[in-house]
Amino acid sequence: MKHLIIFVSILSLSGLNNLIGQENMFSKTQFMIRGYGHAGFEYTSVNGKNQSSYVGSTFAPIFLFKHSDRLLFESELEFELENNQVNVGFEYADMSYILNNYMTIRMGKFLLPFGTFVERLHPAWINRLSNMPLGFGHDGIAPSSGIGVELRGGFAVGGSKLNYSVYTTNGPVLKDGSNEPEEAGMLLFENFEDNNNNKAIGGRIGYLPFSNSSVEIGFSVYSGKVGNTNDSLYGNTGANLMAGDFTFVKQVSPLYGIIDIKAQYNLSLVDKADYFELEPGETIPTQYTFENKSDAYFAQLSYRPTMAGSNIIKNFEIIGRYSVINTPEGSLWEQQASQISYGLNYWLSWRTVFKLSYQTTNSEGGHDSPGTTKTNAIFLHWALGF
Amino acid sequence: MKKQYKITTMLLVTFVAIAFIVSSCSSNKSALVSNKSGAQLWGENCIRCHSIPSPSAYNDVDWETIGLHMQIRANLTKDEITKVVEFMQTAN
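In order, the protein sequences belong to chains A and B. No gaps in the numbering here: position 114 of the first sequence is 114 in my numbering, and each next residue is one more. No gaps in the numbering here: position 88 of the second sequence is 474 in my numbering, and each next residue is one more.
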């Protein structure tokens, strides 16, 4: 019922779009519905056990309200089918005001500029592979969004460019294991009502050394207290997250096409704390602790022969990605995993792409599937931005 | 760990301060960056995150909304995005 109401609201909003939007000469507010969707087929083999399924039908509408040349409201919802259920994600909803040529203030729930993947690359029509690299998304170590205030912008320095973002949010929450003992010590990034009075602060600096903007190097931090206020065990526990990112995108004439390199390294340091585990058959929990340090990274390279003579060859793209995640030794979610993905894409338009990829993941540990897991997967996805 | 917050805060505050100072000294504007045409800025910037959209993908009004959206998302200056949007509107 709830989903029905949301669907109906979207439909009526799209009707409103025509009434008050672009064509109406009385309104100066410009209203747009954009967004993306994707669907596909996946075949996976986990330690030799095969499974295949049609997946997806993700529908992610984005609403943009431009109130003036300075004021924008943006919001994204994400409808997803998972475990025979429709999940609705409230990805972001924020308003931005352009203060001057170099500075914008933003408030609400926004995608965090922690590295580049979440803020810039995750939508299905932008991401060149069908899934996220290790370390992002469910059980990931990198944050995706936060509720707070942000100041961001960019400017030229000599022949280079710098861009920046500083923000404060409610910050992540420490999972102390009281609900899910096997997740004790993990961070929960969705913190809609702050669990403590400490606000997390973060930021990213991006440096584009060449005047043609082909290279960008970024550094991000995000830190704050993560335990509940007045909690005697975790009240003072803090977390410090850092990320480094690299981008290179350029049409290279001798190679007849575009070379696109994207990489991001994430590091998560959470203060050491004591957690409790109830062993089978015991009545008194045992106390344990561990160095709460995790890291994850990915590097991807793609090539599209945009300068090829044939219109068909021009639309093909090849891609490779390597990603790794390491979670703390001694935790119940300890994991070391690495993943290699190869893909072949065909672009029907600048925002419509067929993605075929083959991926192998080797994982040791993890609270969902302890032991060694080797997963081979084939994905065929169709992503479309509208 | 407390020390780390202080360092992070200080780093960020210093950075914003530098940003303020640099952005208010317009003499620092490099001709290399500020003399670029809308078409050039489009070709260099709109390809960095996703495939490059052709100007004909949207109408004039749509480009204004998208321009504001991308100015914020890509941390572009108002000057840069104004040039890109003007280029899109003449070339679509």
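Hints are computed from structural coordinates only; laboratory data are not their basis. Note that the structure is predicted; figures quoted are calculated from it, not measured. The beta-carbon is built from N, C-alpha and C at its ideal position, and this holds for glycine as well. Accuracy of the hints is not assured; some may be wrong.
Said to hold, decoys possible - Where chain A lies over chain B, by a calculated footprint (3+ residues, C-beta under 8 Å):
| hint | region |
| --- | --- |
| 1 | 423-434 |
| 2 | 438-452 |
| 3 | 469-477 |
Okay, the hints, checked on the actual structure:
With 4 residues having a beta carbon nearer than 8 Å to a beta carbon of chain A, the region 423-434 of chain B meets the requirement of three or more and the stated coverage holds. For the region 438-452 of chain B, the assignment as covered by chain A holds, since 10 residues bring a beta-carbon within under 8 Å of that chain's beta-carbons and 3 suffice. Remark: the region 469-477 of chain B is not confirmed as covered by chain A, as 0 of its residues place a Cβ nearer than 8 Å to a Cβ of that chain, below the required three.
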